[in-house]
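Enquirer: Chain A with the ligands: place on chain F using the hints.
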Amino acid sequence: MIQLNNIYKYYDNKFQRTFVLKDIDLTINEGEFVTVMGPSGAGKSTLLNIIGMLDEPSEGKYFFLDQPAHELKEKKKVEFHRNYVGFIFQAFHLIDEMTVYENIETPLIYKGVKHKDRQAMVADMLDRFNMVAKKDLFPNQLSGGQQQLVGIARAIVGKPKLLLADEPTGNLHTDQGREIMKLLQKLNEEGITILQVTHNEEFAKCGKRIVRLVDGMISTDEQIR
Amino acid sequence: MFLSQLKLMFRNLWRNKLHSLINIFGLAIAVSLVLLLSFYVSNESSVDAFHKNKERIFRVHGDIIETFAPPFGQYILENVTEAESYTRVYSLSGTVTYNDKKINSGNCFLVDSAFFTMFSYPLVAGQANSLLAANENVVLSESFAHTIFGENDPIGESIEFSGNNFTVSGIFEDFKDNTHFVKPNMIVNFSMLPRVWGNKDENSVKSFLQSYGNSSFGLYVMAHENSNIKTREVELLEKAKEFYWVFQNGRNHKISFMPLEDVYFERSGLSYIGTRQGNKKFLNILAIIALSIVIIAAINYINLSITQSVKRAREVGIKKIIGSYRWGIISQFLIESTAISFISTSIAVLLTLIILPKFNQLVSTSFSFTDVFNAGFLLRSIIIVFAIGFVAGLIPSLILSSYKSIEIVKGVPARLKNNFSQKAMVVFQYTVSITLIVVVILIIKQNNYMKNYNLGFDKDNTFYMGMNNETNKQINAFYNELKKIPGVKAVSFCNDFPGGSINNMSFVYNDKAQSFDQFRVDTAFFSALGIPIQNRISVTDNGSDNQNFAFILNQTAIKELELEPPYREIEIYNDKIKISEVVDDMNFRSLYQEPRPTLFMVSEMKWASYALIRGSGANLSSIVAQAKRVFKEIAPADPLTLNFIDDALNSAYIKEERTAKIVGYFAIFAILISSLGIFALASNTTLNRRKEVGVRKVNGANFTEILALLNKDFVKWVTISFVIATPIAYYAINKWLENFAYKTTLNWWIFALAGVLALGIALLTVSWQSWKAAMRNPVEALRYE
Ligand SMILES: Nc1ncnc2c1ncn2[C@@H]1O[C@H](COP(=O)(O)OP(=O)(O)OP(=O)(O)O)[C@@H](O)[C@H]1O
Ligand SMILES: [Mg+2]
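Protein chains in written order, with this note's numbering: chain F, 85 to 309; chain A, 75 to 859.
In short, the hints are calculated from the structure, not lab data.
All clues given are correct.
With a straight-line cut-off of 25 Å between C-alpha atoms, the simulated BS3-like cross-links for lysine-lysine are:
id : chain 1 : residue 1 : chain 2 : residue 2
1  : A       : Lys765    : F       : Lys98
2  : F       : Lys159    : F       : Lys145
3  : F       : Lys219    : A       : Lys81
4  : A       : Lys484    : F       : Lys159
5  : A       : Lys558    : A       : Lys702
6  : A       : Lys735    : A       : Lys525
7  : A       : Lys91     : A       : Lys81
8  : A       : Lys478    : F       : Lys145
9  : F       : Lys160    : A       : Lys478
10 : A       : Lys328    : A       : Lys315
11 : A       : Lys547    : A       : Lys706
12 : F       : Lys243    : F       : Lys292
13 : A       : Lys313    : A       : Lys328
14 : A       : Lys91     : A       : Lys385
15 : A       : Lys81     : F       : Lys198
16 : A       : Lys478    : F       : Lys159
17 : F       : Lys159    : F       : Lys198
18 : A       : Lys81     : F       : Lys218
19 : F       : Lys98     : A       : Lys484
20 : F       : Lys106    : A       : Lys484
21 : A       : Lys478    : F       : Lys245
22 : F       : Lys200    : F       : Lys218
23 : F       : Lys106    : A       : Lys478
24 : F       : Lys145    : A       : Lys484
25 : F       : Lys245    : A       : Lys484
26 : A       : Lys81     : F       : Lys195
27 : A       : Lys478    : F       : Lys98
28 : F       : Lys161    : A       : Lys478
29 : A       : Lys484    : F       : Lys160
30 : F       : Lys157    : A       : Lys484
31 : A       : Lys484    : F       : Lys161
32 : A       : Lys478    : F       : Lys157
33 : A       : Lys680    : A       : Lys563
34 : A       : Lys81     : F       : Lys200
35 : F       : Lys195    : A       : Lys478
36 : A       : Lys817    : A       : Lys525
37 : A       : Lys250    : A       : Lys355
Values in this document were obtained by computation on a predicted structure and should not be read as measured data.
Excised from the complex, chain A in its bound form:
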C-alpha cells in the first residue's frame, strides 16, 4: 500500500514537472537556509557550553568596569574562600622571530597557569596543568605552530617574541567559534606582560604586577565545587572599596561574578582582553527570519498542492467510489507531502554544503562541514521533514479528500472554490516580503548615512601604518622619506587615531569621576586629519622635566568639566595645565554613540604606535605603494600593517552591513518563493475563469480589459499586504534605529518603493498567466463546457 502510494506520487510528480520542481526546490532552499540558521543559532546559544567547569567559572566585573588590575585576582583567591583558582587574560600582538623568520604573532594571550585547567580547550600536545609552569613557556595553536615550524615538532623549540625568548611547551587545538575568546595564536604567562611591553627592569616588573594602577585585564575566577561564590559579592565590594580606586568615588557600585555561559551575550567584545561579543538581537532577527522563511515555503507548498489538486480530483473521486475512506485519502496526501519534504530536505542538506562557505563569509564564522553535520543537525532535519510534511500536507489533503465522487461521475470539472485560506496565505507572504524590503532599504540608507556623515574631520585620503622598533629608532629618517613622496600632504606620529583603539583616561575632577578619550599625538596630527585649529599649537605650553606638551579639549570635555570661558587652565592630578585650544566635537568613534569628552596631548612624538599619512586623492595608490617601500627599506624584516582611516571607521558598521546583506538575501528569497506561489495561484485562477474570459472576449472585451480583470485580485492582495506590512516594518525599523545615536530619516518613499516593488513583481508574475489567458482563442475556451 505504502509503496504503491509512493509509486503513484512519483508518477504524479513526473507528470507535473514544473510544479514539482518549484515545490521541491522552493522547499529545499528554504530548508537549507533554516538548517544553517538553526545550526548557527544553536551554536551561538551554546557558546562556552563545552567547558567541563562551566558551572563554576565566573568572569569578574563591576557595573561599569570589566577589567581589573593585576593583583586583584590573587586578592580574591586569598579573601574569598569559595575561589579555587583564577586567571587574568590580556591580548596583544607583536613580532615572532624563529631563526630568520619574522612573522606577526596575531593574537597573543597572556594568562595565568590555571587557564588551561579552568577552561577545557583541547590540547594536541602537553599537559594542561604544566603548560605554563615556567615563566618562559609558550603554548601555540595548532595552525600557528604549523606556520612557524611546518612539519617539524615544535615542542622544546625556542622562539623570540617581542624581545623575549620563549620555549614551546605545548600545542592547543585552534579555538572554534563556540567560545567567547577570539582565536589566539599563542598563549604565554601573564607575568611576562611587562617584559613583552619592553620593560626589562626587575623591580618595575614586580611593581607593575603588584600595582592597582592599571586596570585593564580580564579576570576569571573558578569557584570550588558546590560552593556559591555569588553570595560573597557584597562583602568583596566593601573590602575592595578600602584600597582599590575603581570602586571609590562612585566609579563602580557593584562587583559581580558573571557565569561563564552568560559572558558572551552579556558583556564581552573587548579586543584587548581577547573576547568577542555575541549579539542576541542579531540572533533573534535570524531566528525570526528563519521561521518566516519556513512558513513562506510551507505556504507555497500548500498553495501549489491545492492548485495541483484540481488535477487530482478525479483520482480522489474514483478512489472513493472503489472503496477508499476519506481518511485513506488524507493519509495518502500526508504521506506524499512527507515524502516530498524528505526529498527537499535531502536536497537541502546538499545545498547546505554549497551555501556554507558563503554563509561563513556572510556572518563571519568558520564552520566546517564536520562542525555542521552533527547529531543535532540530523535531529533537526528529521523534525523538519515531519513538521513540514504534516503542516504543509494537512490543508491540501483536507481539501482534496473533500471532493465528492458524485461530481467526478457527473463529469463536473473540479474547480477550487474561492478559497479564503489561500488568499490569507498569499497576504502573509507579501507582508513578510514587503516588510523585509523596507528593512533592507532602511539599513542600506542608514549605512550610507553613517558613511557619508560629516564627522567634523576629513577621514578620506589618510592611511596609517603600524610603527615598530626599527621605524621608531629611525623615526626622523622615516618621517623625511615619507614626506619626500610626491603628493604626501602631512605625516603625523601618534598613539591613538580615529577608527583605531583610543586610550582611556580616568581621573577625578572636582570630586566627579571622569572618563575621557585621550589622544597622544604630534602637531601634524591635525593637518593629517583636516581638523581645524585656530591657534598655532606650541608644544611647550606645558612642560615638566622630561616632557613638553600642549593640551587641547573638545566641547563635550568642557561641558563635562563644567569649565567657564575663557578656558585658560585646569587642574588635574594636582598639576596646573594650560589649555591651548578648544576644538569642536568630532565623531572619532562610530555613530552608534555621541562624541565623547576628548583631550589631546600634543607633543613631539619620539616613539609612536602609528604613522598617519595624508595624501592627495589623485595618486593615493602610488603614495601607498611608495610608503610601503619606505617602510621596507627601514624595517625590511618587520611585518607591515597599513589601512585607511575611513575603512577603519567604517569597519564599525560591518555588523550592520552584514545584517543588511542577510536580510537582503532573505528578502530576495522571500519574494522569489512568494512569486512562485502566486504564479501557481494565477494559473489556477485563469484556469477557473477560462469560460468567463472566453465569453467576455466573444462579447467584445479587449485585451487590456481581460488583463485587468484577471490581475485585479492580485493587486488587491498585495495592497492589503502593504497595509499590514507598513506598521510592522515601521515598528521594526524604529526598534533597529534605537541602536544609533545618529539616525537617518524615515521617508515615506521607502515604504512606497517597497510596495511598488512587491506589486510590480507580483504583477509581472501574474500577467504571464493572464496574458496567455487573454490571448487564447475564445472558441477553444468555450469548447471545454
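Chain F extracted, bound-state conformation:
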C-alpha cells in the first residue's frame, strides 16, 4: 500500500543543508498497524506528513496504492485525501466555528455524499463514540479526550484505507489515551491501516510493528505481533 524508496527530506538554509530524513526505505501493507518512535526532532512528523501527501520528499520515490505520489498533481492528492486517508492530530485541529456534528460531516460533503447518507453516517459515528448528546456543541465546549474522539470520528467517517495519527494521545491524560488507543486497535481490526507516532512505550505496543527513527534514519524496524 505504501512504498517509500530512498526518501530524503532536507531544508536549505543560507549556509547549509539540514537533513531531516535520510535515505528512508519503508513498505507498509494493508491492514498493518505501525508505530513510529524516536527522539524529538528525529523526523517522525515529517515522515508522516510525506506519507499523508501534505509534504513532499526532497528526493526519492513514494508509491501510494501503486501510484507515484511524488508525481501527483495537487488535484489528485485532494482526491486521495478525500477517499483514502484520514488524519488525527495531537492538537485535534477541529474547526472551531463548527459543531461536533458539522465537523464530522464536512469530509463527507467534500466527498460528495448525499445528504440522507451523510445523516446516517454521522449518526453512526456519534452513536459509536457516545457523542449523540454532544452533537450540537462546539469544540471548545468539549474535553480534550472528547475533542480527539471527534477528530477520530472525522478522520474515519469517510471510511479511509489509511489512518495517520501524529501523537494522538499527546495532549491527553493516560486514561483518555488508553481509550483512544483501544479505539485505534479496534479500527485496525476492522481493516484500516494505521500509522501512528507516539512517545509512549505502552501505546507503542498497541501497534503490530514499531519503526524507530533516529536522526532521520530508520534504526530499527520490528514486528511485535
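Expert: Then chain A with the ligands, alone, in the frame of chain F:
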C-alpha cells in the same frame, strides 16, 4: 453546502464583532452614498427624457442670444415647413388675489397653448390641448392650487393675478427635478404678458406681440415627426437677417435648434424664462467621488479580510486536509464577501432613507423615497452587491486559499507576508484622502476670498425690499417713513441692484454692437451702496419732454466705447447724451467674471422695483424690523420680499459652497474609512512583530523606540501618498479655479496642512495599536513561540 457555509460565516462574523462591524458598516455607508450619487447622476442625465415628443422638440438659440422677440415663433412656424408648433416661455411673479387672500405667485410661466401638448407634464385635471384655449385661462400646480383653494375644487374658480382676472382651467402635477424648467406655480397664456405687466391698452398690447424690439422670451419649436428641422438653420438665419436686428451687425452669426435633452446641460439657467442650468462638471465630480468611495470601501474590505485571514488560516488548512479543493476555498470566501456585500447593501438602502433629506438639502433637490426607489435603483443595488462581493472577495480568497495545510499541521503560526498590494491599497486610500482635503481647503479659501473681496462698493449693512403697487403709489410717504427710522443712513429707489437682476442694454455705437449692464436708479443709490462720486449729480444733465436723467459710465464702458478724455458727451440712438461722471469699475456681479461695461441712468424714481435701505451696522436688526412695519402699514395685504445685498451677492457662490460641503463630507468619510483600514493593518503588523518587539524590549529598547519602530512604515506610506496626491490635487485645483475671474492664491501651506492632517490621523490610529504592543509584557509576547 451553501447554507452551511453561510452558517460558518455568521459564526465567524460574530466571533470577530469589531472587525465585522467596521467591515459591514464601512461598506454600508459607502454603498448608500454611491446609491444616492448614482441615483442623482442618472436622474440628472435623464432630465427631460420623459417627454414623449423629446426627439422633436428644440429650443431655438443663437450663438449669443438665447431668447427671442414675441413674433419670431410664429414666423418660424410659417416659414419652416418642418415646424409643427411652438411655444414661447417667460417667467415672472406677482400677487395672486382670491377672495380676501393675497399671496405671492412664485413662478408664473407665460406660454403658448401648445406648451402642454408639446411637453408631457402630467395633468391632474383638464385636457392638454384645451388648457390654455382661452386667453384668461390659468393652469395651477397641484400644490399651489391647494395653497389657494385648500380642499375645494379650483376648476372654474376665478382668481386675480397682477390686476387681471383668470379662470382656473386645469391642474398639473408639480414639476419634478427631472426637467430643465424650474417649478412653476401657475401657467397662463403668453399673450397676457403685456396685461400682466400692467399695460391695458389694446393697441399697445397688439404692437408688443408683433414687435421685434424686446428679445427676451424663450422659444421652443416642435418639428413634424420624421423631419429634419436642423437642416433649415442656415436658411432661417439668412431670412431673419433681413428683418431681425439680433442677427444684424454681427450680433449673432448662428441660429440653431437645440435638441430638448441637451438644453439642460448646454445652455439654460435663465431665471426670466424659468429654466435652470445643469452642471456637467459638478456631475463629473460627484461621479468621480462616488467611484473613489467605493474603491476605498472595497479596499478596506480587502485589507480587513486579509488581516482577518490569519485567524482563519487554520480553518483553511484543515479543510484542505479533509478534502477541499483550492477552488472550494476560493468560492467559500467569494460567497462570504458577496453575502457581506448583500448585508451591507441592505443596510445601505436603509441608510439611504436616513441620508436622503440631508442629501436633498445639500444638492438642493427634492427627491422623495418613491422617486429614489425605482427599478433602476434596485438594479444598481444588485449590481453593487455582486460587483463588490466579487472584487473585494477575490484577493482575500486567493491569499487565504494559498495557505499550505502543512504549515497548519506543523503548528507554524500563520502570518502575512509583507504584502505589496496591501501597501499599494493604503497608499491609494491616503492619496484620495489627501487630495480631497486639499480641494476642500482650497474651495473654502476661494469662497472666503470672494466673500471678502473688495468689490469697489460697500455691500454690507444694506438691504432691499420689493416694491409693489401700493408702495409705489405712496412712494414719498414710504420714503419719509423709512428715513425716520433711527440708524437709517440712506434710502434709494431703483430697478436694478447688485446681486439682483440687472437690466441689459444693447445698442450699436460706431458700428460696434454693445451690451451694457444698465442701472435705473435715483441719486441716493450711490450713498446707499457707498459708491464714491466726485461731483454732485444733477438729474437735469440730460432731459427730454418726460424724463430727466444723469448719465454715468464706468471705466470698462469707457474702454468699450473707446472714448477719449475728457468724457463729455456720447451719441446713442441719435441722441447726444452728456456724461455726468465716470466711476471706477465695480464687481456688481459675481467674481466668476470681470466687471461688465456699466451705465447708470440716474433720475428721480417715481416708480421703482426696489427700495434699498442702508443702515448703521449697530442696530441693523431693529432697522429691518421697523422697515417691515413701515411696509405693512402702507401695503398691509401685499407680500413682502426683503433680503440683504451681501446675501444676494453671496448666493452666487452657493454652488461652490455646496461643492465644498459635499467634497468635505466625502473627505471626512474617505479619511474615516481609510483610518479603519490602517487600524486593521496596524493590528496585524503589531501581531506579526510581537516577538520582535518582545526581544527588543528585553534587550532594553524603551517605549518611544518601540513606538517609532512600529509607526515607521505607516509614516512612509502616508508620505508616499502625499507625494502622489500633491500633483493630482494641484491639477484638480487649477482646473476648478479656471471657473473664476478672481482667484485666491495657491499657497504651499494648503498642501502641507493636508499632509500633516492625514499623517496625524494615521499616526493616531496606528499608535493606538503600537501603544498596546509597546506596553505589553515582553515575557507574554515571547511565550507565543
Ligand atoms: N521548515 C523547516 N526548516 C528547517 N528545518 C525544519 C523545518 N521544518 C522542520 N524542520 C526540522 O526537521 C526536524 C524534524 O522535525 P519533525 O517535526 O519531523 O520532528 P519530530 O520527530 O516530529 O519531533 P517531535 O517528536 O518533537 O514532534 C526538526 O529538527 C526540525 O527542526
Ligand atoms: Mg512531531
